[in-house]
Amino acid sequence: MYWQRIKSSAAYYSFTHNRVAMVSALVVFIICALSALAPIIAPYDPWDLTQFDIMDSEIPPIGAEQADERFMLGTDAMGRDMLSTILYGTGISILIGVFATLLQAFIGITVGLFAGYFGGRLDSFLMRVADVQLSFTTLMVAIVILAVFQATVGLDFYEDYAILVIVLVIGVAEWPQYARTVRACVLAEKEKEYVDAARVIGLKPLQIIYRHILPNTFSPLLVISTVQVANAIITEAALSFLGLGMPVTKPSLGSLIRNGFEFIFSGSWWITAFPSLILIILILSLNLLGDWLRDLLNPKMYSND
Amino acid sequence: MALLEVKNLDVIFKLRTGDVKAIDNVSFTLEKGERLGIVGESGAGKSVTAFAILNLISKPGKITNGQVLFEGRDLASLDDEQIRDIRGNQISMIFQDPMMTLNPVLTIGNQMVECLQAHRNISKEKAKEIAIEKLKAVQIPSAETRLDQYPHELSGGMRQRVVIAIALLSDPAIIIADEPTTALDVTIQAEILELLLNLCKEFHVGLILITHDLGVVSQVTEKIMVMYAGAVIEQGPTEQIIHQPIHPYTQGLINALPQQTIPGQRLNQIKGVMPSLQDIPQGCAFHPRCEYRQEVCSQQRPTLTQYAERLSACHFSQQFLDK
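Protein chains in written order, with my numbering: chain R, 1 to 305; chain P, 1 to 323.
Just chain P, with the same shape it has in the complex (with noise of 0.2 angstroms):
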């Protein structure tokens, strides 16, 4: 049985202009200590997915099929309490920005010794310690005065360090990181990924990294997600994806990185946006978009069909696997 199982689930946000489908039939399973990596546009469904595992959609929006099995529970239906219980104590989450994630009027030691109580009975001292470990394990120096300062008095890099030992603090199984480098600066973004997957391979944690950056999942995860308008539409190892995509989309992600560019030349695009949830086009999602668009793109939807070991949802695909 996988860690965490996630089957046809299906989220759907009431809105006064009609229901918009923000995930439709998403699957995945992560074993663990597997590192996955979700990758898309904005808007393609990527946070809500995350959001969703965790049971953590608010109001107008709802899971309105589907199942995320997490230990064979199923966390969609667990009451208030129970699923408490798992947030933050089995599966952690990390947000982009850590200067708006971490609070600025409380002391960093207070909001991990909080977490830590909220979910074990111990005293204040012996959470601290803990709290001390995890800095150290994210290598903070001077660990023990940082405890009592506040978020503004550390650098960047330095808060989405505490974010992540806020993470670790009660040993999860799973941590779900939701573009963690997308606020910091480039040399930071690289040491800061370094020490998730590190800390990752160490504690041996599953880790899902949502991003829309390639280059980052490739050197992070094993497996990748990659996801438009709402649906997946590729799966699979991530040397495989990387090398040999089979999805037009996920072969014009890979093109845009600005490693694939001549230097001179234009960067290469994918032409067009994302379409709105709303008014997702007849067919293929991204049939508009597509360059090797054929009349049954814009009738027939593709289904996310297996290849070898991995999903594909393009009637392509196949073609792209030969060449």
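So that you can see chain R by itself, here it is in the shape it has in the complex (with noise of 0.2 angstroms):
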């Protein structure tokens, strides 16, 4: 019945006509699902120091000369094989990505939502107390906080919690995406008859935000959302090329750019190039999956298909 339904959606036949949503969904798919199943599918594990070893470093892929067919990608410098790297270090990209949203989301729409239904002071308080997020960068704001942790609690520990690390810095640095737009969202919202509907019921003010307004607001942050994912990971590679993002033990695509970095001129191009190539598959398929959702959850904006 739910599988009828999402069929005569108009988001179903909007997806179903629109080739670049259909590839970008694919795309992102296969990386996600590829990135999941690398325990399984992963030739090696490039966490396990036992398992490379130095006297493999820098093969070239596979069509390449001197090529090793144990390394269709080739190997980095510490000999780990790339394809399996790569592959773990999408999932924690992705994984940093999603769950850095999600804490973006549930600060910027709690915030967003008490501030625009309450109004008056609470209001002016919050969305200035954004105002200050905003005018620090993300950047800005990561490297100082995590600079100032690396610093203080060493590299052993800082590398065993970096993921959490980096999932709190993004996430708090970037809620006032949301709050901003969840708060014009119920701005518009509240002022329509069944908000007052609601009260006149004898609803409480929560059971209103939360129940009533909050469902009324999801196309929006759907739309944002998909953006705030690449962001996020384009934020976190960011950062990882700067060092101080995750270790080289568990690197991510942003570590291994990194790592290849220093290579590149002596002419071990792939441990830079593959992932590079990763992630900006991965950022331009979320990207274009966002101007589909929100060309078709913005009816005011004219499209040409």
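Source of the hints: derived by calculation from the structure; they are not laboratory data. Be aware that a few hints might be false.
[Said to hold, decoys possible] In silico DMTMM-like pairs for lysine to aspartate or glutamate, Cα to Cα no more than 20 angstroms straight-line:
{"no.": "1", "chain 1": "R", "residue 1": "192", "chain 2": "P", "residue 2": "222"}
{"no.": "2", "chain 1": "P", "residue 1": "201", "chain 2": "P", "residue 2": "133"}
{"no.": "3", "chain 1": "R", "residue 1": "7", "chain 2": "P", "residue 2": "148"}
{"no.": "4", "chain 1": "R", "residue 1": "190", "chain 2": "P", "residue 2": "97"}
{"no.": "5", "chain 1": "P", "residue 1": "59", "chain 2": "R", "residue 2": "159"}
{"no.": "6", "chain 1": "R", "residue 1": "190", "chain 2": "P", "residue 2": "114"}
{"no.": "7", "chain 1": "P", "residue 1": "62", "chain 2": "R", "residue 2": "191"}
{"no.": "8", "chain 1": "P", "residue 1": "59", "chain 2": "R", "residue 2": "196"}
{"no.": "9", "chain 1": "R", "residue 1": "204", "chain 2": "P", "residue 2": "85"}
{"no.": "10", "chain 1": "R", "residue 1": "204", "chain 2": "P", "residue 2": "79"}
{"no.": "11", "chain 1": "P", "residue 1": "59", "chain 2": "R", "residue 2": "123"}
{"no.": "12", "chain 1": "R", "residue 1": "192", "chain 2": "P", "residue 2": "81"}
{"no.": "13", "chain 1": "R", "residue 1": "7", "chain 2": "P", "residue 2": "153"}
{"no.": "14", "chain 1": "R", "residue 1": "190", "chain 2": "P", "residue 2": "80"}
{"no.": "15", "chain 1": "R", "residue 1": "192", "chain 2": "P", "residue 2": "97"}
{"no.": "16", "chain 1": "P", "residue 1": "59", "chain 2": "R", "residue 2": "189"}
{"no.": "17", "chain 1": "R", "residue 1": "204", "chain 2": "P", "residue 2": "81"}
{"no.": "18", "chain 1": "P", "residue 1": "32", "chain 2": "P", "residue 2": "74"}
{"no.": "19", "chain 1": "P", "residue 1": "59", "chain 2": "R", "residue 2": "69"}
[What the hints assert, rightly or not] Partner residues aside, some chain R positions facing chain P, computed with beta carbon under 7 angstroms:
{"no.": "20", "residue": "192"}
{"no.": "21", "residue": "193"}
{"no.": "22", "residue": "194"}
{"no.": "23", "residue": "197"}
{"no.": "24", "residue": "200"}
{"no.": "25", "residue": "201"}
{"no.": "26", "residue": "202"}
{"no.": "27", "residue": "203"}
{"no.": "28", "residue": "215"}
{"no.": "29", "residue": "216"}
{"no.": "30", "residue": "219"}
Each residue gets a CB set at the ideal place from its N, CA and C atoms; glycine is no exception.
Take the two lone chains and join them into the complex the hints point to.
Have a look at this one:
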């Protein structure tokens, strides 16, 4: 029955008639699936120091001279299999992107709902906090916090909790995006009669906010969520590239790019090229998906197809 | 003791340009099972009166004077928790546009269950049973399947029936209907009105019907209160007011009904527009538009005076009565 509903919906129609959306969804799905299955399908475990040999370092990918059949995409400077490392690293990048976005959404939605619904001083206060937060760029906040954190707890400890800290930092730095969107929606929604009707029924403010107003703000939230996941992944990659993100022992796509960057002029282009390619494809697909969603959910915008 | 007694109610909206008196000294009573119509032009203060009863006047507005006594308790002085227990439980409200009053993203069933659970400690299954029973009471076919539908899947008339069913959910003592048929087409208007009338009689529910359509009021209500520029100008039993209005404004409203016009002639209308609440004219608020106006009308404001069973605020009501 739900399948029927989905099949007859406008979203399904638009999706099946939009090749860009279908291809990018497919790409995102494949990348997610492969990285989720990494422990099963990857030929080596890049996190296990015993599985690679420094003698295998900088072997080029198949097709080049001196290639080794064991390593399809070649190896990095430590002799790690690039294919396995990329599979694991993509998983870490996506994980950070999704959880950082969830955290942003949680903080931002809560702040936005309360600011928008109650208005007045609470609204001014919360939105000024958001403005202050936005006046620091995400990277700046992240660099400061991560540098201080690494310096105080030491690298060993940091390596164990890197994912958690990065999620926290990116989540906290970007919540105003959500807060602003939600607040704008709430301001429009709370003037509608169904909110009056809910008050007349005798519902409590919290019930009205979460049960009645929140679901009506979902469409713009869906759109910014896809973009925010992509942004969070990029931010993480940038941080890792600067050496403040994921440690080399558990690399994300960003740390892999940084790893290979040192060797790019010595001819070992593959260490940087393959992770970069995956990162670009993943971000591009997510953004295209976001574009499609925005076109679909915003009937005011003119679209050609 | 009357079920609902509104005494000398004043509502003031504080705006940048100054205070605006949206409701000026409004008083009326409603007995158990009685049906009252509040009539007036847009901006006369009808809806504000309704919101004031439920203490739902929001920010720039405030009840500055008067009482709303429901079963002897003053609703204007209750705290949030206590007033929530009255809203939707003992006094419920129906709005103009059923497309807007139902939440577009929640199913009918969800919205009904939520309303019941807000006031009573009952299980979801029990709440659904009551919901189905009420949907049947408003003559909605295949009520069970409606519970899983969204508002946009129903027609306008059907939606207003759902809204009425929601208003009936907790067997209220009073239903306030704020222009319940304005957004519907004419054939459905009549059906909905008849339904509302029958339900009120059947369940012995008091009704406050707010409308600008005297035709609608005359079919449904027992009493009428006519408002102009925030104040009551005439009040009394429906039949007397419809047949022999003693305030020129009410007379004008009745003459403006299309049924009063001879085919081929222009429709009658009251010339001019209602004054803005920010500059109500001196004396009688209606005098610039009144065809019977005299010197006294622009100087002295007429008080609401008792004439047998009704009240009227006009210097010449006695003369109209004697005619």
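Verification of the hints:
1. R/192 x P/222: Violated: residue 192 of chain R and residue 222 of chain P sit about 32 angstroms apart, past 20 angstroms.
2. P/201 x P/133: This hinted pair holds, its Cα atoms lying about 18 angstroms apart.
3. R/7 x P/148: 18 angstroms, holds
4. R/190 x P/97: Given pair residue 190 of chain R, residue 97 of chain P holds - Cα atoms ~16 angstroms apart, limit 20 angstroms.
5. P/59 x R/159: 53 angstroms, violated
6. R/190 x P/114: 19 angstroms, holds
7. P/62 x R/191: The given pair, whose Cα atoms are some 18 angstroms apart, holds under the 20 angstroms limit.
8. P/59 x R/196: The given pair, whose Cα atoms are some 14 angstroms apart, holds under the 20 angstroms limit.
9. R/204 x P/85: Since the Cα atoms of residue 204 of chain R and residue 85 of chain P sit roughly 10 angstroms apart, the hinted pair holds (cutoff 20 angstroms).
10. R/204 x P/79: With Cα atoms ~13 angstroms apart, residue 204 of chain R and residue 79 of chain P stay inside 20 angstroms; holds.
11. P/59 x R/123: Holds - the C-alpha atoms of residue 123 of chain R and residue 59 of chain P are around 15 angstroms apart, at most 20 angstroms.
12. R/192 x P/81: Violated, because 23 angstroms separates the two Cα atoms, which is more than 20 angstroms.
13. R/7 x P/153: 17 angstroms, holds
14. R/190 x P/80: 19 angstroms, holds
15. R/192 x P/97: 11 angstroms, holds
16. P/59 x R/189: Roughly 17 angstroms between the alpha carbons, so the hint for residue 59 of chain P and residue 189 of chain R holds.
17. R/204 x P/81: 9 angstroms, holds
18. P/32 x P/74: 17 angstroms, holds
19. P/59 x R/69: 74 angstroms, violated
20. 192: Interface hint status for residue 192 of chain R: holds (6 angstroms vs cutoff 7 angstroms).
21. 193: 4 angstroms, holds
22. 194: 5 angstroms, holds
23. 197: With Cβ-Cβ at 4 angstroms, under 7 angstroms, it holds.
24. 200: 4 angstroms, holds
25. 201: 4 angstroms, holds
26. 202: Check passed: Cβ of residue 202 of chain R comes within 4 angstroms of chain P, closer than 7 angstroms.
27. 203: It holds, given that the least Cβ distance between residue 203 of chain R and chain P is near 5 angstroms, below 7 angstroms.
28. 215: Residue 215 of chain R check passes; min Cβ-Cβ to chain P is 4 angstroms, inside 7 angstroms.
29. 216: 6 angstroms, holds
30. 219: Violated. Min distance 10 angstroms.
The structure fails to meet hints 1, 5, 12, 19 and 30 from the earlier list, while all remaining hints are met.
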